[in-house]
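Trainee: Residue-level listing of the chains:
Number of protein chains: 4
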Amino acid sequence: MSIDLARRATAECLGTAFLLAVVIGSGIMGERLAGGNVAIALLANTLATGAGLVTLILTFGSISGAHFNPAVSLADATQGGLPWRDVPVYILAQIAGAFAGVAVAHVMFGEPVFFASTHVREGSAQLVSEFVATFGLLATIWGTVRTRPTAVPFAVGAYITSAYWFTSSTSFANPAVTLARAASNTFAGIRPADAPGFIVAQLLGATAATAMFAWLVPSLPKVASRVVEQRRAEQRQEDAA
Amino acid sequence: MSIDLARRATAECLGTAFLLAVVIGSGIMGERLAGGNVAIALLANTLATGAGLVTLILTFGSISGAHFNPAVSLADATQGGLPWRDVPVYILAQIAGAFAGVAVAHVMFGEPVFFASTHVREGSAQLVSEFVATFGLLATIWGTVRTRPTAVPFAVGAYITSAYWFTSSTSFANPAVTLARAASNTFAGIRPADAPGFIVAQLLGATAATAMFAWLVPSLPKVASRVVEQRRAEQRQEDAA
Amino acid sequence: MSIDLARRATAECLGTAFLLAVVIGSGIMGERLAGGNVAIALLANTLATGAGLVTLILTFGSISGAHFNPAVSLADATQGGLPWRDVPVYILAQIAGAFAGVAVAHVMFGEPVFFASTHVREGSAQLVSEFVATFGLLATIWGTVRTRPTAVPFAVGAYITSAYWFTSSTSFANPAVTLARAASNTFAGIRPADAPGFIVAQLLGATAATAMFAWLVPSLPKVASRVVEQRRAEQRQEDAA
Amino acid sequence: MSIDLARRATAECLGTAFLLAVVIGSGIMGERLAGGNVAIALLANTLATGAGLVTLILTFGSISGAHFNPAVSLADATQGGLPWRDVPVYILAQIAGAFAGVAVAHVMFGEPVFFASTHVREGSAQLVSEFVATFGLLATIWGTVRTRPTAVPFAVGAYITSAYWFTSSTSFANPAVTLARAASNTFAGIRPADAPGFIVAQLLGATAATAMFAWLVPSLPKVASRVVEQRRAEQRQEDAA
Numbered sequence: 001m002s003i004d005l006a007r008r009a010t011a012e013c014l015g016t017a018f019l020l021a022v023v024i025g026s027g028i029m030g031e032r033l034a035g036g037n038v039a040i041a042l043l044a045n046t047l048a049t050g051a052g053l054v055t056l057i058l059t060f061g062s063i064s065g066a067h068f069n070p071a072v073s074l075a076d077a078t079q080g081g082l083p084w085r086d087v088p089v090y091i092l093a094q095i096a097g098a099f100a101g102v103a104v105a106h107v108m109f110g111e112p113v114f115f116a117s118t119h120v121r122e123g124s125a126q127l128v129s130e131f132v133a134t135f136g137l138l139a140t141i142w143g144t145v146r147t148r149p150t151a152v153p154f155a156v157g158a159y160i161t162s163a164y165w166f167t168s169s170t171s172f173a174n175p176a177v178t179l180a181r182a183a184s185n186t187f188a189g190i191r192p193a194d195a196p197g198f199i200v201a202q203l204l205g206a207t208a209a210t211a212m213f214a215w216l217v218p219s220l221p222k223v224a225s226r227v228v229e230q231r232r233a234e235q236r237q238e239d240a241a
Numbered sequence: 001m002s003i004d005l006a007r008r009a010t011a012e013c014l015g016t017a018f019l020l021a022v023v024i025g026s027g028i029m030g031e032r033l034a035g036g037n038v039a040i041a042l043l044a045n046t047l048a049t050g051a052g053l054v055t056l057i058l059t060f061g062s063i064s065g066a067h068f069n070p071a072v073s074l075a076d077a078t079q080g081g082l083p084w085r086d087v088p089v090y091i092l093a094q095i096a097g098a099f100a101g102v103a104v105a106h107v108m109f110g111e112p113v114f115f116a117s118t119h120v121r122e123g124s125a126q127l128v129s130e131f132v133a134t135f136g137l138l139a140t141i142w143g144t145v146r147t148r149p150t151a152v153p154f155a156v157g158a159y160i161t162s163a164y165w166f167t168s169s170t171s172f173a174n175p176a177v178t179l180a181r182a183a184s185n186t187f188a189g190i191r192p193a194d195a196p197g198f199i200v201a202q203l204l205g206a207t208a209a210t211a212m213f214a215w216l217v218p219s220l221p222k223v224a225s226r227v228v229e230q231r232r233a234e235q236r237q238e239d240a241a
Numbered sequence: 001m002s003i004d005l006a007r008r009a010t011a012e013c014l015g016t017a018f019l020l021a022v023v024i025g026s027g028i029m030g031e032r033l034a035g036g037n038v039a040i041a042l043l044a045n046t047l048a049t050g051a052g053l054v055t056l057i058l059t060f061g062s063i064s065g066a067h068f069n070p071a072v073s074l075a076d077a078t079q080g081g082l083p084w085r086d087v088p089v090y091i092l093a094q095i096a097g098a099f100a101g102v103a104v105a106h107v108m109f110g111e112p113v114f115f116a117s118t119h120v121r122e123g124s125a126q127l128v129s130e131f132v133a134t135f136g137l138l139a140t141i142w143g144t145v146r147t148r149p150t151a152v153p154f155a156v157g158a159y160i161t162s163a164y165w166f167t168s169s170t171s172f173a174n175p176a177v178t179l180a181r182a183a184s185n186t187f188a189g190i191r192p193a194d195a196p197g198f199i200v201a202q203l204l205g206a207t208a209a210t211a212m213f214a215w216l217v218p219s220l221p222k223v224a225s226r227v228v229e230q231r232r233a234e235q236r237q238e239d240a241a
Numbered sequence: 001m002s003i004d005l006a007r008r009a010t011a012e013c014l015g016t017a018f019l020l021a022v023v024i025g026s027g028i029m030g031e032r033l034a035g036g037n038v039a040i041a042l043l044a045n046t047l048a049t050g051a052g053l054v055t056l057i058l059t060f061g062s063i064s065g066a067h068f069n070p071a072v073s074l075a076d077a078t079q080g081g082l083p084w085r086d087v088p089v090y091i092l093a094q095i096a097g098a099f100a101g102v103a104v105a106h107v108m109f110g111e112p113v114f115f116a117s118t119h120v121r122e123g124s125a126q127l128v129s130e131f132v133a134t135f136g137l138l139a140t141i142w143g144t145v146r147t148r149p150t151a152v153p154f155a156v157g158a159y160i161t162s163a164y165w166f167t168s169s170t171s172f173a174n175p176a177v178t179l180a181r182a183a184s185n186t187f188a189g190i191r192p193a194d195a196p197g198f199i200v201a202q203l204l205g206a207t208a209a210t211a212m213f214a215w216l217v218p219s220l221p222k223v224a225s226r227v228v229e230q231r232r233a234e235q236r237q238e239d240a241a
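Residue numbers (this note's numbering), protein chains in the order written: chain A, 1 to 241; chain B, 1 to 241; chain C, 1 to 241; chain D, 1 to 241.
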């Protein structure tokens, strides 16, 4: 891997910070302006998050892989992608970035730096939603990274745009995001007591999708280890152009 | 064809399940949050479905072709694409997946697993709409798969985004989707009695578009049989990069 | 030019018909569902039209060039693109298709086949808008067709998405579309008496943009004549893949 | 650089004029039609601006680089991209274009050519927002221009779509845009007294992002100077196709 870990961890931290600033910030803005219509607030939140993800993955993808998500880093490691020794650093960087992003969003909107959410998100329907949401996210990644790596940013952005609406939990699908959203008593928050269940469901969903696609695409393990190489090759190709 | 039928059928089943989860789930969410404004509910439903289709076709396209639609599988077979012996398996996988997706959406939103729709969709305007909607869908596929295969996911996603609004039926354009939506008494449902007419109109539309494009693009039949080969070649090319 | 005129004219006719079905149909649907909020109706109309244009240009671009617009065909001819002898056929096909599309939309929504619009669109602000709208459309085409031909469908779709909102006329920017919309007394209609002024402003805007870009991009005339060749080369390249 | 400065400056002027026409025009249209719901007005404004940016960068990128923004031109010059001697011309062209665009928007909507805004945008939350907004914009540019130059128009369009909602200032992120919006007492305006603070915050954000990415992507300075070369090479490649 040609880029050193300090730079890659910084990219993960910065990217996850922006992701949370987008999720929390656009949730606050949407709710403030929507005049009580929750669908309009969520449409704004969705548009900002989907478009933001496209940008962030395009921006940081060639540096760190643009995981921004412990479930993705872990799944990638199980398939021989990210080296296991880098996984703890990636996850810490993601969690630190997520909380930093929440703080920045709060400052931009004149809210307290952190304040625990009281937004109840409990019950089996929500847990099934998080399982499905994270299954779909990992399916999207495993289904595209092999055959169409340049389409990954658009596939993931489109997936989350869709998933905000087809799951009753609005698809957190990310343990670092879940932890940080517990520290925001705003539109996109989640009561801290509800976070652990979300995270368990997310990890189960990620595991199931990774297992399914390891069978569905037999060459996946071998290919996963080559993704970084592919990225570097694409880059060389574009540099040569 | 390098990928065995079991994997391709699984991809069709899984992809169609996600498609229905998106259509039904985002319909429920949109209606619950929109405060009675049907246009806002349909905007949410449209955004989720269009973006979801982009993701699903990118994810499953290189495995099974990402038909998710008996009308597409049949049309593809008539042009020498999908082998006729695989058609029944594809269609069964699509229908099974469609019902599974409806069930998952219902569980995610705390609704009964299946319950027959009472949403009336009848009359000649609706039937003309389904003919036009499916004509347009197949035109989009035949018009892009030949010259710009990598643009197909975006073309189809954009087409359905548009078609939800320019037809009075909101463009089902898919017999498997029509059957499964009859089992959901929610925003996106259709009364079972209205489903057969929709399916007939869809098959007629698909047939007309396929005939039109067989003339419009004289090399289509020959090309269609090469689509899978093209996909494999694209993949080799990206692997080599 | 390898594709015969009959097929190209059919593609222009069919594509323009779909374009008008999208514009008129989504306008009717938007207005019916929006509960009196014109912004929501126009958002739906915009989303459908922008996405529809992406699809239609992807679908028909490699057959006829996907002009769907007399102003584009004329401008292309002045720069050595479309042969002058084909221009009248293109324009007739576009106008016939436009009226057919209006009729299909009306049938799909249970309206009279044709009925003159009473939607007043007059005054200098509207005429300036049509000049600017068509200037921008031709600028988009001339600015992208030369350097990034595969991006043209997305550039034009995004342009119209934007132009529906930044001009007071909602950017007709197309003489064939203007004529046909005069035959629809619905959301997207225009009073027949206001159509001639719109068309004059459109042709002036197209002329100004073409002159500007002939200077801005000195190689444009020479390049324009090669656009069809480029398209065929792209196709060969993809076929070879 | 093969394109002379007169043409490049014209492209910057024309592109920035269209950008402002989009921002101001769609703001007016959105506010007029939204029936008092500010979220709906801002959704329309966002959709038009994001889509407009995609179009404008695709259209003018290969001529002038499509900066449309003094902060971008300055940052590019510090990294060895735009020659310093061209910077003043670029900035003057951008400011002149911005005011022209505001005037055109006002004429299209029957407003006075210029009239000072009374829209108060003050306080530290707004200034932090502009710092973050411009940091993100430059991060997006530096993160994509190196590895995926053809994705820049989509990355920037998606970024601004997101940033309109996740910052409390709605992300001006552009000194020329800020000055010109002070001359429009409409939805998108800013009180002249608040403009200087915005511009300082923007320049600080641009500086911080440029420094961060100079470290994060060690080859950036060397690469930046080759961006124009890359663009020309891409063009030759497409011409050859």
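Any given hint might turn out to be false.
Estimated spans, in silico, between C-beta atoms of each pair [said to hold, decoys possible]:
(1) D/Ala116 with C/Pro112: 30 to 38 Å
(2) A/Arg85 with D/Gly36: 52 to 60 Å
(3) A/Met212 with C/Val120: 45 to 53 Å
(4) A/Arg191 with B/Met212: 32 to 40 Å
(5) D/Gly35 with A/Leu92: 44 to 52 Å
Keep in mind the hints are simulated off the structure, nothing from the lab. We treat Cβ as the ideally placed atom computed from N, Cα and C, and that holds for glycine.
Trainee: Evaluate each hint against the coordinates.
Mentor: Status of each hint after checking the structure:
1. In this structure the supplied range 30 to 38 Å is violated for D/Ala116 paired with C/Pro112, their Cβ-Cβ distance being about 50 Å.
2. Evaluation of the 52 to 60 Å hint for A/Arg85 and D/Gly36 yields a pass: the beta carbon distance comes to about 57 Å.
3. One distance hint, 45 to 53 Å for the beta-carbon pair A/Met212 and C/Val120, is violated here, with the actual separation near 58 Å.
4. Taking the beta carbon of each, A/Arg191 and B/Met212 are about 56 Å apart, not inside 32 to 40 Å as hinted.
5. Between D/Gly35 and A/Leu92 the CB atoms are about 48 Å apart, so this pair conforms to the stated range of 44 to 52 Å.
Hints 1, 3, 4 from the earlier list are contradicted by this structure; the remaining hints agree with it.
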